[in-house]
Amino acid sequence: MIRLEALTKVFPSSHAGAASVNHVSFDVADGETCVLLGPSGCGKTTTLRMINRLVTPTSGKVFIAGRDTDVIDPVELRRTIGYVIQQIGLFPNMTVAQNIGVVPRLLKWDAARMRRRAEELLAMLALEPAEFMDRYPNELSGGQAQRVGVARALAADPPVLLMDEPFGAVDPVNREVIQDEFLRMQKSLRKTVLFVSHDIDEAVKMADRIAIFRLGRLEQYAAPDELLARPANEFVAGFVGSDRTLKRLRRIHVADVMSTERATCAPSGVPTVRASDDLRRVASLFLEHGTDTLDCVDADGRVIGCITRAAVAGRLATAGAQEPL
Amino acid sequence: MTSGTVPQRSLLPFVVLGAIAALILFALVASGMWTDMLRYRKDVVYLTKQHLFLVGVSGSLAIISGIGIGIWLSRPWMTRYAEATIQAVNMATAIPTLGKLALMMALLGIGALPAIVGLWIATLLPIIRNTYVGIRAVPEHLIDAAHGMGMSSGAILRRVELPNALFVMFAGVRTAMAVNVGTAPIAFLIGGGGLGELIFTGIDLQEFGMMLAGAIPTALLAVAVDFMFGQAQYWLVPRGVNPLRNS
Chain A
1 MIRLEALTKV FPSSHAGAAS VNHVSFDVAD GETCVLLGPS GCGKTTTLRM INRLVTPTSG
61 KVFIAGRDTD VIDPVELRRT IGYVIQQIGL FPNMTVAQNI GVVPRLLKWD AARMRRRAEE
121 LLAMLALEPA EFMDRYPNEL SGGQAQRVGV ARALAADPPV LLMDEPFGAV DPVNREVIQD
181 EFLRMQKSLR KTVLFVSHDI DEAVKMADRI AIFRLGRLEQ YAAPDELLAR PANEFVAGFV
241 GSDRTLKRLR RIHVADVMST ERATCAPSGV PTVRASDDLR RVASLFLEHG TDTLDCVDAD
301 GRVIGCITRA AVAGRLATAG AQEPL
Chain B
1001 MTSGTVPQRS LLPFVVLGAI AALILFALVA SGMWTDMLRY RKDVVYLTKQ HLFLVGVSGS
1061 LAIISGIGIG IWLSRPWMTR YAEATIQAVN MATAIPTLGK LALMMALLGI GALPAIVGLW
1121 IATLLPIIRN TYVGIRAVPE HLIDAAHGMG MSSGAILRRV ELPNALFVMF AGVRTAMAVN
1181 VGTAPIAFLI GGGGLGELIF TGIDLQEFGM MLAGAIPTAL LAVAVDFMFG QAQYWLVPRG
1241 VNPLRNS
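These protein sequence lines are chains A and B, in that order.
For the first sequence, this note's numbering assigns the number 1 to the initial residue and increments by one for each residue that follows.
For the second sequence, this note's numbering assigns the number 1001 to the initial residue and increments by one for each residue that follows.
One chain only, chain A, in its complex shape (with noise of 0.2 Å):
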């Protein structure tokens, strides 16, 4: 677990002490991503900063599994937390192989054992060993070199990571593409993840957990459901959007609100759902054919139970209702 005690950063170059980051506590659970969103200016990066020490806290805690990273030699901290950066920060004078065995090298591994590690890791995110290993940051795609980065990040299976803004300079389309690989990366890995963002749809699909700021004050700290059902003032409310409950139906799967009665409920011609399909396209679903009731069906088309527009209403009645991950 990583817990932040009133932790708070002044610069001597601001003006009047006012505090970059002032007295922020929250808690992020073991193999939890939290998601550190607000305007630029708010401190998260400052935050982020602070728990590998990049950024030596005015006053305040970081404790990482209990460890007070105070008293941990700050060099030897950083090679415990994965670090990635918007700019990438691949080193250009090294090789893929090379950028990624950085800290495995750091740490005194053989070369053998960084190289397989280095493969495993390409493998994973996607890209070919054989053909990636031996090539320069040049060569890589904006893509791909943000896979790398990520890889880099893991090199050493660090339980943390830190991650600025990571797919910020990705373009759209490959931004969706590298989220989904991460999500489905973390469900395995179960790292513990804070992640910068001033992105509330990019929070919303990343975050167990969204830690929202604003001039250096941690105004809101909430799962993302209830975030976005009870913001817990103008400010959140005004940040997350006013179609906030449109941005709730992606974290809503069918199964959570489906009933299981094995009977065709809805009219014929509508098209079916699967239990994890989320919510925005059962919304649309509604919308387009005018129905209230869906079919949820299984791989082999067989109904396996019914949802209703009343179900759905439930539902966001409902905030903050634990989410199945």
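Derived by calculation from the structure, the hints in this document are not laboratory data.
Think of the CB as a built atom: it goes at the ideal place given N, C-alpha and C, for glycine as much as any other residue.
One or more of the hints may lead you astray.
What the hints assert, rightly or not - Now the in silico label distances, taken between C-beta atoms and shown as ranges:
hint, chain 1, residue 1, chain 2, residue 2, range
1, A, Asp73, B, Ala1219, 38 to 48 Å
2, A, Pro12, B, His1141, 20 to 30 Å
3, A, Gly301, B, His1141, 44 to 54 Å
What the hints assert, rightly or not - Distance condition first, Cα-Cα at most 25 Å in a straight line; then the derived SDA-like pairs of lysine to any residue:
hint, chain 1, residue 1, chain 2, residue 2
4, A, Lys108, B, Phe1208
5, A, Lys108, B, Ala1155
6, B, Lys1042, B, Phe1208
7, B, Lys1049, B, Ser1152
8, A, Lys61, B, Ser1152
9, A, Lys187, A, Lys108
10, A, Lys191, B, Thr1079
Stated by the list, open to error - Listed next, the stretches of chain B that the computed footprint assigns to chain A, with coverage defined by at least 3 CB atoms under 8 Å from CB atoms of chain A:
hint, region
11, 1158 to 1167
12, 1185 to 1198
13, 1237 to 1244
With chain A's structure known, arrange chain B on it following the hints.
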């Protein structure tokens, strides 16, 4: 961009150089100058050794100290003084090398020592400047990523800053060595010896054979030194940051 092999380099420059050399050789032999020149063979061997000593000692001292000073100026704690120092270095570069040698003679007398010190200073300046500029040009986010991954400052310098600055640093060394080799004949004027002895004496006596016996080895040395550092630049700078190799 994706080719993993070294691109084929053109042979044209070598052909052109060879042709010019052959032409000059032919002219020398035809005019009888070649036999004149051969009379100075022993002097040429002796003075070439002296010349190489001047270039070798001042050049290697300049490379070692210039890179060292450049790195030192690029460190964060030097930021406050670095720009001013580089300005001073730029101004010092503007002083003609002959002036620098004369100055050294005034300070250190005549002989090989003032010549080596003068050549060292003239060679030092472009190396300091390019080392400093090359390191400062390494993007901030690379340094940030390196720190974030737990690299020590020493490791960042060795594995990130220097390799990425290396191409620019080599350009500085090539410029500096061209200055060095080009200035070395003047060392004769302050008693430093070297091939300048044949060149300047040849001019004074209107003995073109003698002059060429000094001038041709000097020119060959300049070409050889530049070729050597050019090859080193081509092969030692990592392919990912070497504009010569990723066309």
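*Of the hints stated earlier, which fail here?*
1, 4, 7, 9, 10 and 12
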